[in-house]
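> Read top to bottom, the protein sequences are chains A and B. Residues 1 to 291 (my numbering) make up the first sequence, in order. Residues 1001 to 1090 (my numbering) make up the second sequence, in order.
The set of hints was computed from the structure by calculation and includes no laboratory data. Take the hints with a grain of salt, since some may be wrong.
Derived Cβ-Cβ restraints for the label pairs, each shown as a range [what the hints assert, rightly or not]:
hint, chain 1, residue 1, chain 2, residue 2, range
1, B, Lys1023, A, Thr142, 55 to 63 Å
2, B, Thr1003, A, Val198, 19 to 27 Å
3, B, Gly1086, A, Thr142, 40 to 48 Å
4, A, Arg76, B, Asp1058, 45 to 53 Å
5, A, Trp135, B, Gly1067, 43 to 51 Å
6, A, Ala107, B, Gly1086, 48 to 56 Å
7, B, Ala1042, A, Ala232, 52 to 60 Å
All values derive from a computational prediction rather than experimental measurement. Just so it is clear, CB atoms sit at the ideal spot from N, CA and C, and this is done for glycine as well.
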Amino acid sequence: MRLRRTKLYLPGNNPNMLLRGYLFKPDGVILDLEDAVSMSEKDAARILVREVLKQGEFGECEVTVRINGMDTAFWRKDIETVVPCGIDGIRVPKVESPKDMQILDEALSEIEEKAGIPVGKTLIFCLLETALGIWRAYDIATSSPRIAGICPGGEDLRADLKTDRSETGEELVGPRRIVVLAAHAAKVDALDTVYADVTDDEGLKRETQWIKQLGYQGKSVIHPNQIPIIHAVFAPTQKEIEQAKKIVAAAREAAKKGLGAVSVDGRMVDKPVVKRAEYTLQRAGLLEGGE
Amino acid sequence: MKTAQAGTLESMDCLVTASEAEKGRGISITMEGASVARFGEAILKTAKETLREIGVKDIKLSIQDNGATDLVLRARVEAAALRLFGGDRR
Chain A
1 MRLRRTKLYL PGNNPNMLLR GYLFKPDGVI LDLEDAVSMS EKDAARILVR EVLKQGEFGE
61 CEVTVRINGM DTAFWRKDIE TVVPCGIDGI RVPKVESPKD MQILDEALSE IEEKAGIPVG
121 KTLIFCLLET ALGIWRAYDI ATSSPRIAGI CPGGEDLRAD LKTDRSETGE ELVGPRRIVV
181 LAAHAAKVDA LDTVYADVTD DEGLKRETQW IKQLGYQGKS VIHPNQIPII HAVFAPTQKE
241 IEQAKKIVAA AREAAKKGLG AVSVDGRMVD KPVVKRAEYT LQRAGLLEGG E
Chain B
1001 MKTAQAGTLE SMDCLVTASE AEKGRGISIT MEGASVARFG EAILKTAKET LREIGVKDIK
1061 LSIQDNGATD LVLRARVEAA ALRLFGGDRR
């Protein structure tokens, strides 16, 4: 299971952020060609992002690029430019249609094949930023095997819902619940939207605790200062760590002995519980990550 | 004379201004910025290499550097040249 607690947005035309973003140790970085780049700079940002992907450093981060929406003239050029660089995935804004994801999947396969990249390697993360996108969340999440996560929108979604930001975030409660349910039903990650007020640490902490409780795996981040706050919320308790250690140790012991069943404290433990325990140790930094 | 720009004067970036040169006049490059004294040669080499890769033979470039790394310089030179001539030469 790949850790996706924090994904830091990096403006696609800003060399300073693009080159240094990973140093803040988010689980992933999102090189942004969409909202962070003005219409007149799309060409320059695409070239800069390509060079950064080819030669830049990203440490342990999962590297994704947010492309321009499929309702724009830019998306195809975006993927043709960034996918051959061997990125982990792309983030697609304003997804509303499973059909679009199939078109994207095919386009990605073509580019991967030409570039000598294993077909299917480039993952897709869908941003559901309209009422229609949220409503079709499950169908979108299951529309291609590349889809690794779905994410509810923030401001765009509020606008489409004909409402605005409230202090409690009430207006996004329903969409967040739909997305998390659809994500788990489709066996993809539920990733939450950004917390826009970068000066309100308490508010960020509260919201992260809430979305974690709902079943989200993480949040997008727009400021490096938000990363440690979110990681702390997702950090398992000592009790959870001890239990997870026991389960993982028992599973390894069983595997060594060639046993199918794992037993901990006299009780049988099945495979999803072992996976969950490994995820707990990963979040505690006690186990290496991986897919 | 037609000109085009790419980049900014922010930290770790550079502003590249490209203008047309007569056919056969080759590449001429002027540079400004604190790093030019130490890295001028390297900046020149990268800019020329980038222009060669995208097939540009005649051009005038002015580079105002504010600590751009090699890859940023490369990206800005390419963007400015493509804006000047239009299209995608890669």
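> Against this structure, judge whether each hint is valid.
To see whether the hints hold, each was checked on the structure:
{"no.": "1", "hint": "B/Lys1023 / A/Thr142: 55 to 63 Å", "in the structure": "holds, 57 Å"}
{"no.": "2", "hint": "B/Thr1003 / A/Val198: 19 to 27 Å", "in the structure": "violated, 38 Å"}
{"no.": "3", "hint": "B/Gly1086 / A/Thr142: 40 to 48 Å", "in the structure": "holds, 42 Å"}
{"no.": "4", "hint": "A/Arg76 / B/Asp1058: 45 to 53 Å", "in the structure": "violated, 31 Å"}
{"no.": "5", "hint": "A/Trp135 / B/Gly1067: 43 to 51 Å", "in the structure": "holds, 48 Å"}
{"no.": "6", "hint": "A/Ala107 / B/Gly1086: 48 to 56 Å", "in the structure": "violated, 25 Å"}
{"no.": "7", "hint": "B/Ala1042 / A/Ala232: 52 to 60 Å", "in the structure": "violated, 43 Å"}
Hint compliance for this structure: hints 2, 4, 6, 7 are not met, and every other hint is.
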